[in-house]
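Going down the list, the sequences are from chains A and B. For the record, in the first sequence the residue sitting at position 72 is 72 according to the working numbering, with numbers rising by one throughout. Offset between the second sequence (1-based) and the working numbering: plus 1000.
Just so you know, the hints here were simulated from the structure itself, not pulled from any lab data. Predicted model only: the values in this text are computed from it and were never measured. Don't take every hint at face value.
[Unchecked claim] Okay, the calculated beta carbon distance ranges per label pair:
hint, chain 1, residue 1, chain 2, residue 2, range
1, A, 87, B, 1125, 40 to 50 Å
2, A, 45, B, 1002, 41 to 51 Å
3, B, 1110, A, 20, 21 to 31 Å
4, A, 78, B, 1003, 28 to 38 Å
5, B, 1099, A, 47, 45 to 55 Å
6, B, 1102, A, 69, 30 to 40 Å
7, A, 48, B, 1067, 16 to 26 Å
8, A, 48, B, 1008, 22 to 32 Å
9, B, 1023, A, 47, 49 to 59 Å
For glycine and all other residues, C-beta sits at the position ideal for the given N, C-alpha and C.
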Amino acid sequence: MGGVSTAGRDPGLQPERTRLAWRRTTLSAAVAAVLAVRATLHGGASATAVVGCALCCALWLGFLRVAHHRIRALAAEARPPALAPRHATAAALCAVAMAVCAVVLVV
Amino acid sequence: MSEFVRNVRLWFAPERVREEGGTPDYRFSLANERTFLAWLRTALALIGGGFAVDQFLPDLRWAWRVGLALALLGAGVLCSLRAVNHYVRCERAMRRGEDLPASRFPAVLSLVVAVVAVAMVVVVLVGWAG
Chain A
1 MGGVSTAGRD
11 PGLQPERTRL
21 AWRRTTLSAA
31 VAAVLAVRAT
41 LHGGASATAV
51 VGCALCCALW
61 LGFLRVAHHR
71 IRALAAEARP
81 PALAPRHATA
91 AALCAVAMAV
101 CAVVLVV
Chain B
1001 MSEFVRNVRL
1011 WFAPERVREE
1021 GGTPDYRFSL
1031 ANERTFLAWL
1041 RTALALIGGG
1051 FAVDQFLPDL
1061 RWAWRVGLAL
1071 ALLGAGVLCS
1081 LRAVNHYVRC
1091 ERAMRRGEDL
1101 PASRFPAVLS
1111 LVVAVVAVAM
1121 VVVVLVGWAG
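This is chain A alone, in the form it adopts within the complex (with noise of 0.2 Å):
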């Protein structure tokens, strides 16, 4: 990825940018983990609490899981591939599981 093979390389870094794209996106997945895990601190860590909070954690695992793989499909040819709609559609699920994990969390 460090390589600085100028031939065939995209004067637009596209792929970089999607790299990055991925990097945010899991951030802010990161950020919602880490407001699920005070929740439930704050909340007494009741039963059901400590299991949604535990969710929220590996859904984000979860998450970083998608993200690494496709950054690698990424790094690995000039041309990549467009994601497959198989994986864009795991990493929204881990969103709304982590929503409904939230409601668990919140009511």
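Fit chain B to the known structure of chain A by using the hints.
Relative to the frame of chain A, chain B by itself:
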């Protein structure tokens, strides 16, 4: 509605997206992917906002606090589902050489966020006064 169901099937079946039309310039697909990720970040921010309302406004009455938090969380869920749907639709339109789909969603989301923001200001002010 059947159009939506067909789209949902495509979410899980990348081969079927690839069956149609030609492969667009990879840079367009990457731009589409970044747009998808930007929407996903918006969704995650809304979910974070739901947590934040619950935790950082503890003096509110339970109903208001939970209501606002649920509104933000619901917006987050809709936003992330719509992100995938829009990604798949754009990808398909690019393969077929059609115009990109137009969408009412950004306007609706802006209105929802504006309403929640106004409600929050009112609720916090009333909470202080009371």
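We went through each hint and held it up to the structure:
no., hint, result
1, A:87 with B:1125: 40 to 50 Å, "holds, 44 Å"
2, A:45 with B:1002: 41 to 51 Å, "holds, 46 Å"
3, B:1110 with A:20: 21 to 31 Å, "holds, 26 Å"
4, A:78 with B:1003: 28 to 38 Å, "holds, 36 Å"
5, B:1099 with A:47: 45 to 55 Å, "holds, 52 Å"
6, B:1102 with A:69: 30 to 40 Å, "holds, 32 Å"
7, A:48 with B:1067: 16 to 26 Å, "holds, 20 Å"
8, A:48 with B:1008: 22 to 32 Å, "holds, 30 Å"
9, B:1023 with A:47: 49 to 59 Å, "holds, 50 Å"
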